[in-house]
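Asks: Spelled out, the chains give:
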Amino acid sequence: MKKTKLVTVLFVVMLMASMLLSACAPKADEDVIKIGYVGALSGETAVWGQAGLNGMLLTAKEINEAGGILGKKVEVIGLDGRGDPTDSVNAFRRLVTEEKVIAVVGTNFSSCNIAMAPIADQLEIPLIATAASNPKVTVDENGNLHPYSFRIGFIDPFQGQVLANLASNELGAKTAAVIYDIGSDYSTGLAQYFEEQFIANGGEMVAKVEGHSGDNDFRSQLSVIAEANPDVIMVPWIYKDVALIANQARELGITAPLLGGDGWDSPELITMAGPAIEGSFYTSQPSFANPVTKPYYDAYMAEYENLVPETEALFGHDGLYWIKEAFERAGEVSPKALRDALESTTQFDGLMGSMAVDPATHNPAKPASVYTFTNGERVWYGDYK
Amino acid sequence: MIWQQIVNGISVGSIYALMATGYALIYSLLGFSNWAHGDIAMVGAYLGFMFIASMNLPWWAALILALLGAGLLSVISERLAYRKIRKNNSPTMFLMIAAMGLSVALQNFILVTVGSKFKTYPQVLPVKAINIGGVYIGLLDLISFLASVIVIIFLYYLIERTKFGLAVKAAAANMQVASLLGINVDRYISLVFLLAGSLAGLSGVFLGMKYTVYPQLGNFALKAFIASVFGGLGSVPGAIVGALFIGLMEVFVAGYISAGLRDLFTFSLLVAVLVIRPTGLFGKDIQDKA
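Those protein sequences? They're chains A and B, same order as listed.
Under my numbering, think of the first position of the first sequence as 1, with each following residue one higher.
Under my numbering, think of the first position of the second sequence as 1001, with each following residue one higher.
Any given hint could turn out to be false.
To be verified - Here are a few chain B residues that face chain A, going by a calculated C-beta distance under 7 Å: (1) M1001; (2) Q1004; (3) V1012; (4) G1101; (5) T1120; (6) A1129; (7) G1138; (8) Y1211; (9) V1251; (10) A1254; (11) A1259; (12) G1260; (13) F1265; (14) T1266.
In case anyone wonders, no lab produced these hints; they're calculated from the structure.
Just so it is clear, CB atoms sit at the ideal spot from N, CA and C, and this is done for glycine as well.
Take the sequences, apply the hints, and build the full model.
Replies: Structure follows, in structure tokens:
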């Protein structure tokens, strides 16, 4: 009896202590502009989310040293969206309701931002997607604009077109096959846009197979593709799946070049599938390959102990600077003023190029870079408008 | 192309078979589903990766060490997690729950120490394929298939033709009577766990080489479980047949119907077996199975 009483008392004391501690909520500080970041800080895509957050923290430091935004300090708060729509929506809500941020940058996943956009509209807090490229992130499927959802990257229809034109015009491909991820809006969308442009160019789709991210073995689907013998194969997946698909395709004797989108963009891809992706191509956002990004690259490496930054870090940088530029045009610190200023951007120059926002769709017109792999190294192939 | 698909199916199935064999061994002896089996395989995969990537050992040495490491982990897990429950004469359901806890613990241990990033085995075996009459057989697949065959023959010999096997069968039949007759049941159980763990480690290393290494690799054991149920829980040959069947079925569903429906078919098979013939192909009696 005595033991259970002691345990009960201890339990009640702990409970009360934890309640008291959590009641100490952060004070709302008038002189601080809080910007949130939602990204995958854990899980298999954490390499991107972490880079985005690191980039934003570094950029916030830089902005604060130069005087802040409208005289106020910038504070960046990052929460883990795990690359999952539900977790990302929860992270967004927490950032707005508990941390009281005035805008949120993130994520790089279309599926997450498509889920977050209606919440951004509802809570009236601007949300700037980084690499999320599906059109439905800013314009829903009924054609209605999400007033509070923006993005800094290009959209998939554009990416799909660039790849299809590359295939038809530069690689001389007459037939193509595609393997896509049925669980991903990005993958199915990109595959569809590629197909539309490729057929418009006079090409023929000889095989369309589907898989699921999380599967390891794609050989049964790849055998179907091998049988159809296409000139090129479209593989619009995330790099870790691309590595598996590429290795397995080569094992089955498929020699056609592979094409992909910005999901390929990670140095890990070469580690995982170097020989298999030789001679393949992918489109991506302008990245650290551009010499204008060198000072930022060096600052990042210095700040984070020689951690090589991913392109997402550039998004974090440009996202924060765009918000700064928009606030300065608006002249006041409120979510609505920010929203209006973002929507009316006619020219914002970031490290990723210059952009203007189309008020009807919130989509920026930005060029895409094409990369290829030669002798085990990623090589910049060209920029396409 | 149908031959290519058959080759694909058998290569996938042989890795499932390796894992299902260890699984069936433990089931036949202790009567519970060792949910941590897949995670022992996962640790084996990480060990193999560590030996090859960090210590630069030749692949066969890394394989053997990873095997032993996984076996050792299996023995330790038996000592820590299962022995006390078994001694208390608790229902076998408790063993299964302990296994689930162990599974989560192992996954998170690796997640916290090594990290969630995917690791790729350095290319110790070339990603080449041998072309026989238009059908491509990966070198790694060939080796893992041969290894599975050798292991299965070895196991058969061990269980049917040696004293060790006889003792294990006796303990499986009736543990108390066997110990009365002088068989050190604890020691034999540890040895069986060592064996099953090594098999898991072997299949883990092959899985890691073929795909990539990540903390959730143990989820493959779910297919091994279904294979075991299909073949008859407790029957080692049944598990092997079940695994090969599932490998082939998955490949054909993914290739000819739809990749999205692959898991649907596999799990429907599980439900169908339980409804139509709960003992599976080669299983024996029907009773509460944990």
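Asks: Confirm or reject each hint.
Replies: Cross-check of the supplied hints:
1. Annotation: interface hint on M1001/B holds; nearest CB of chain A at approximately 5 Å, less than 7 Å.
2. The interface hint given for Q1004/B holds, since its Cβ lies 5 Å from the closest Cβ of chain A, which is under the 7 Å cut-off.
3. At about 6 Å, the closest approach between the beta carbon of V1012/B and any beta carbon in chain A falls short of 7 Å, and the interface hint on this residue holds.
4. With its C-beta approaching chain A no nearer than about 22 Å, G1101/B sits outside the 7 Å limit, and its interface hint is violated.
5. Among the interface hints, the one on T1120/B holds; its C-beta lies about 5 Å from the nearest C-beta in chain A, closer than the 7 Å criterion.
6. Restraint check, A1129/B versus chain A: the minimum CB separation of about 5 Å is within 7 Å; hint holds.
7. Look at G1138/B: its Cβ gets to within about 5 Å of chain A, closer than 7 Å, so that hint holds up.
8. For Y1211/B, the interface hint holds, the least distance from its beta-carbon to any beta-carbon of chain A being 4 Å, beneath 7 Å.
9. Hint status for V1251/B: holds, given a least beta-carbon distance of 4 Å to chain A, under 7 Å.
10. A least Cβ separation of about 4 Å between A1254/B and chain A falls short of the 7 Å threshold, and the interface hint therefore holds.
11. Look at A1259/B: its Cβ gets to within about 5 Å of chain A, closer than 7 Å, so that hint holds up.
12. Among the interface hints, the one on G1260/B holds; its C-beta lies about 5 Å from the nearest C-beta in chain A, closer than the 7 Å criterion.
13. Of the supplied interface hints, the one on F1265/B is violated, with its beta-carbon coming no nearer than about 12 Å to a beta-carbon of chain A, more than 7 Å.
14. Taking 7 Å as the C-beta contact cut-off toward chain A, the hint placing T1266/B at the interface is violated, the least distance being around 12 Å.
In this structure, the earlier hints numbered 4, 13, 14 are contradicted, and the remaining ones agree with it.
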